[in-house]
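Both chains are given apart, each in its own frame, so use the hints to dock them into the complex.
Line order of the protein sequences matches chains A and B.
Just so it is clear: in the first sequence, position 87 is 168 by this note's numbering, and no numbers are missing.
Just so it is clear: in the second sequence, position 175 is 409 by this note's numbering, and no numbers are missing.
There could be a bad hint or two in this list.
To be verified - Dumping the calculated DSS-like pairs for lysine-lysine here, alpha-carbon to alpha-carbon at most 25 Å:
(1) 186/A with 295/B
(2) 292/B with 186/A
(3) 292/B with 138/A
(4) 333/A with 368/A
(5) 432/A with 517/A
(6) 396/B with 202/A
(7) 156/A with 119/A
(8) 495/A with 432/A
(9) 85/A with 409/B
(10) 85/A with 202/A
(11) 186/A with 202/A
(12) 357/A with 274/A
To be verified - Pairwise CB distance ranges (calculated):
(13) 283/B with 94/A: 14 to 24 Å
(14) 285/B with 156/A: 31 to 41 Å
(15) 210/A with 285/B: 14 to 24 Å
(16) 283/B with 210/A: 47 to 57 Å
(17) 378/B with 402/A: 58 to 68 Å
(18) 254/B with 156/A: 54 to 64 Å
(19) 235/A with 378/B: 56 to 66 Å
(20) 285/B with 354/A: 45 to 55 Å
Since the hints were derived computationally from the structure, they do not count as laboratory data.
Virtual Cβ for every residue (Gly too), placed ideally from N, Cα, C.
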Amino acid sequence: MTKKISILVVDDEESVRDSLYNWFVEDGYRVECADSAKMALSILESDNFDIVLADIKMPGMDGLEMLKLIKALEKDIIVIVMTAFATVDTAVQALKDGAFDYVTKPFDPDDLSHLVRNASKQISLAGENEALKQKVATLESVEDLIGKSDAMQSVLRQVESVAQSNTSVIITGESGTGKELIARAIHANSPRKFFPLVSVHCGALTESLLESELFGHEKGAFTGALYNRKGRFEMADSGTIFLDEIATISPKMQVELLRVLETKSFIRVGGNKEIKSDFRVICATNKDLKIMVQTGAFREDLFYRLNVVNIHVPPLRERAGDIPILVEYFIKKYCNSMNKPPVTIDPSALKRLEEFKFPGNIRELENMIERAIVIGNGKRIYLRDLPIESSLIDSSIESLDENEKNHIALILNKYSWNISRAAKALNIDRVTLYNKIKKYDLKRSEK
Amino acid sequence: MNNQHITIVSFGHFESFFLNRIAREVSLVTNCPVKIKDGHIDLSDFYEPSRRQYDGNKILKQIDTIYSTESYRTIGLFNVDLFVPILTFIFGQAYLNGITGIVSVYRLSNERYNIAPDENILLERTIKEVVHELGHTLGLIHCHTPTCVMRSSTYVEDLDQKGAGFCSNCLDLLKERMV
Numbered sequence: 082m083t084k085k086i087s088i089l090v091v092d093d094e095e096s097v098r099d100s101l102y103n104w105f106v107e108d109g110y111r112v113e114c115a116d117s118a119k120m121a122l123s124i125l126e127s128d129n130f131d132i133v134l135a136d137i138k139m140p141g142m143d144g145l146e147m148l149k150l151i152k153a154l155e156k157d158i159i160v161i162v163m164t165a166f167a168t169v170d171t172a173v174q175a176l177k178d179g180a181f182d183y184v185t186k187p188f189d190p191d192d193l194s195h196l197v198r199n200a201s202k203q204i205s206l207a208g209e210n211e212a213l214k215q216k217v218a219t220l221e222s223v224e225d226l227i228g229k230s231d232a233m234q235s236v237l238r239q240v241e242s243v244a245q246s247n248t249s250v251i252i253t254g255e256s257g258t259g260k261e262l263i264a265r266a267i268h269a270n271s272p273r274k275f276f277p278l279v280s281v282h283c284g285a286l287t288e289s290l291l292e293s294e295l296f297g298h299e300k301g302a303f304t305g306a307l308y309n310r311k312g313r314f315e316m317a318d319s320g321t322i323f324l325d326e327i328a329t330i331s332p333k334m335q336v337e338l339l340r341v342l343e344t345k346s347f348i349r350v351g352g353n354k355e356i357k358s359d360f361r362v363i364c365a366t367n368k369d370l371k372i373m374v375q376t377g378a379f380r381e382d383l384f385y386r387l388n389v390v391n392i393h394v395p396p397l398r399e400r401a402g403d404i405p406i407l408v409e410y411f412i413k414k415y416c417n418s419m420n421k422p423p424v425t426i427d428p429s430a431l432k433r434l435e436e437f438k439f440p441g442n443i444r445e446l447e448n449m450i451e452r453a454i455v456i457g458n459g460k461r462i463y464l465r466d467l468p469i470e471s472s473l474i475d476s477s478i479e480s481l482d483e484n485e486k487n488h489i490a491l492i493l494n495k496y497s498w499n500i501s502r503a504a505k506a507l508n509i510d511r512v513t514l515y516n517k518i519k520k521y522d523l524k525r526s527e528k
Numbered sequence: 235m236n237n238q239h240i241t242i243v244s245f246g247h248f249e250s251f252f253l254n255r256i257a258r259e260v261s262l263v264t265n266c267p268v269k270i271k272d273g274h275i276d277l278s279d280f281y282e283p284s285r286r287q288y289d290g291n292k293i294l295k296q297i298d299t300i301y302s303t304e305s306y307r308t309i310g311l312f313n314v315d316l317f318v319p320i321l322t323f324i325f326g327q328a329y330l331n332g333i334t335g336i337v338s339v340y341r342l343s344n345e346r347y348n349i350a351p352d353e354n355i356l357l358e359r360t361i362k363e364v365v366h367e368l369g370h371t372l373g374l375i376h377c378h379t380p381t382c383v384m385r386s387s388t389y390v391e392d393l394d395q396k397g398a399g400f401c402s403n404c405l406d407l408l409k410e411r412m413v
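Excised from the complex, chain B in its bound form (with noise of 0.2 Å):
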């Protein structure tokens, strides 16, 4: 990837120990400076009292309009549940060949399925997801490589088994886009 930087723009309270990990993972994969910023928006805005979650379209489409005019891409990181109107949740979503992605920690911590906290598998489950989504900005579709880190995945389950990197065909990809 070029010089430009990736912005990851949190939402919310995160440790900056878990930030700093983020971007020193995320900065591995892509070849690409990464840096934190603190964001600001009213979450209330986007709530849907009747399903108790954030709509992820309009969030993404207010990260878009506001932030992504300051880096190269730019991934917002919430805490909060996160749908689109014909799902009934999802981890994170991007604008194909876009600026931006959202991303949401909510259904990825293993508290939300009754099992003992794992600040690790978290991280790993975050940095995943957030590799995820730059790869959708930067044109990649989902793969079939049960490796790839663009293989889609719908339950954690389904991410704790891919890996947080690119398989050797989205890479390829990844570099034509880049040239």
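Isolated chain A (complex conformation) (with noise of 0.2 Å):
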């Protein structure tokens, strides 16, 4: 026992309140004893317990109308009635007023250890919980949302205002922007953050797996269907669920997501009893969602439901400057999963990976840096160990003279604009490089 607990034993029987304090102390709580309600409470509104064992059949006021005042003053006291008269009437009474539990006297003395052990134990849970609770209220709750810039500044307070919201919210950007990320922290920041954040991945299921998978399904329902199974709606019930790469679902879970949303019931695959469900919905998504539904690709009606609130996660390049914090951060995160001691990064490898597009976004970022520290030294990471050089061809780019572009300025910020040295570095002449200066009309930028 981590905590001694505390009995008041209300009874107007002497004998009855002797004996339970010799059994509860032998026991090890703390005991001590009133012989009417009024000392109880009177007792009870100078010092505290964690369980009030009281007689249901007291002179002046009774047990059943202590128990109410005693949890008026604290609700979270237990509270165990006993009584020599058993009726079911006043059980079933003392239970809807908040009572722990009821018995009859005499006990059993092995049901009378049961029944202390069982409130001490619901005691310790509910203090585990509440720590619990503080301890998850307490965390930074958007912790892997890094960002200094302006761009994601933006986005981490859109998403503090939504979040206490019940809202539907669609979170837009390109691949590896970290949507779910966003999800989470909306999740983790709303009164819902107690209860589930189920996520589903929409485009990695075909439509009859998915329709499965959301709205769960009945045994026998289809060939494999050995049990019945809850839905990922059923699941995120009081809690939030988080429908990835929503734009790739198919027209037909359009019409049943749309239905859902509206009525917040459904029905399982093969069943017949509708389920009710209270979950707050957040889409994300990387195609534009306007343009599907100007096409017919998505439909509209389902748009506006999603589109409450829309988040639009910036894509890394458009905030370079956050490329610091989160290189140092991913590194943080690797040498500590891999047990390896804090690693540096080498200012030209840090400049260099600033300079660089980055089309899978932060999860490309955080490949390299995990790579790096996979295959690095151990004590620092260089240009080297990051696989740049070989991917210096920004996939987003087909065209010739925008690669020409963007290596020219590259070079030319590399040696800081001295021309001699650029056209060396670039095995040019100085006028042709002057030629593609004024050709791709680059400029040096200012600092």
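Below you can see the structure in the form of structure tokens.
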């Protein structure tokens, strides 16, 4: 027993008080006795008790009346009522009024021990639950949402303001920008945070699988449905459902989804019972749903149902200023997970990362840092440890001119616009370099 | 324990062999001499007709008043069914940090549970219960160590599972209190 449980015995009979006092003291509890409800309430005003064991039939205020007053005073106290004359009505009333249990005198010694042991367990679980709630509340719920850039700060502000509401949210952004993290942050900051966040990757499932996954199925609904299974909407009851890659769902599923969002009820595949679920929906997509609506690929009514709030996550290239702190974060993360001492990054490698376009966004940066820590010397990450040279050609740029322009700008920046050194590095003469600068309208960025 | 003796006062008929064995075993466990004595009280004063049992609280109080001054600790041994108002029955009880305790063999025998009589089991259970109540008079509360004699026992099965001696923690506490 980590904490000494305290018990207040309330009974007008001295022999009962003495017996219970002796019994509980021998069990190691802190025990006090009161001979009336009035005395018990007075003791409770000045002292805290975990359990009150009270007789129902007492002169003056009876146990049931006292129970209501105790619960009004301190709802977490466990009250066990006891009586010599058990009736179902009084037992039901006591339990309705918040009693933990109801026992008939005299008790079997074993029953008394079990009763108090169960109450003690309840107290310790309630304590643990409270401690965990506080721990969760104090956790930096948006810890993985790193970014000091204006673009990212704006996203974080939107997350905070939308989290408290119950509205549907669509998170848009390129692949790898951290849309799921945004969804997690919204959930973690919402009143639903103590209930599940259920994620469904719609793009990874066929239409029939997605239907069974979202709505659940009854045993025998299809080949392989050996058991009844809850769907994700059911699992997300009181919590949040996150539908990733929402643009990939079929027209049939779009209709089904719209109906569920409107009624918050559904029927399992192969079932006939309507199931209700209270969930909040957050979707994510890397497609432009407005264009899909215009082309008829996505239902307009579903789009407006989902798109109450839109949070756009900027690609990494639009917030290159966040790269150093992201690099620092991933280095710490992977050094810890690989049990390696902290490494640093060479300034030239960091500079190269800041210049890189990252078509795969943060996911690509994270993979680069993980790889560098695995293959590096364990002390410092150098340019050679980064798979950047091989991916110099930005996959999103297909035009040769565009690549030439970017490469020349990169080399000019590298040599601080020293034309001679840049031309030498590019293996062209200075006149050609001047012509290229003019052709591509390259300008030295101001620092 | 110090050189003063513990007295086991028997109320009702017990074989002298049975009492002597208890005295010897309790003496070994407690490291204190144990004397046996016959006691006489009118148990009808403590009989509760509605429950057909004897009031343990009142008996304990009576034993404490009459017999406790004679020795270091006193245990009254009975063969009647004891109760306290709040519980259906008790094997025994004692004053925590007091001088007196009581034990009844009534619910310790196999016959009570329709099992073949076994004198050795009855003896073992009685010894454990006497040592347990003595532990309470010496300030020990219930212990969670499965084998410790101070573990709470509400059924004979619980008594059979634990040992007759104190665990190391309870022994340390006893030593502190004996100083």
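Quick rundown of the hints versus the structure:
no.	hint	in the structure
1	186/A with 295/B	holds, 22 Å
2	292/B with 186/A	holds, 19 Å
3	292/B with 138/A	holds, 24 Å
4	333/A with 368/A	holds, 19 Å
5	432/A with 517/A	holds, 24 Å
6	396/B with 202/A	holds, 24 Å
7	156/A with 119/A	holds, 18 Å
8	495/A with 432/A	holds, 9 Å
9	85/A with 409/B	holds, 23 Å
10	85/A with 202/A	holds, 12 Å
11	186/A with 202/A	holds, 23 Å
12	357/A with 274/A	holds, 20 Å
13	283/B with 94/A: 14 to 24 Å	holds, 18 Å
14	285/B with 156/A: 31 to 41 Å	holds, 37 Å
15	210/A with 285/B: 14 to 24 Å	violated, 42 Å
16	283/B with 210/A: 47 to 57 Å	holds, 49 Å
17	378/B with 402/A: 58 to 68 Å	holds, 59 Å
18	254/B with 156/A: 54 to 64 Å	holds, 58 Å
19	235/A with 378/B: 56 to 66 Å	holds, 57 Å
20	285/B with 354/A: 45 to 55 Å	holds, 53 Å
Against the hints set out earlier in the document, a violation occurs for number 15 only.
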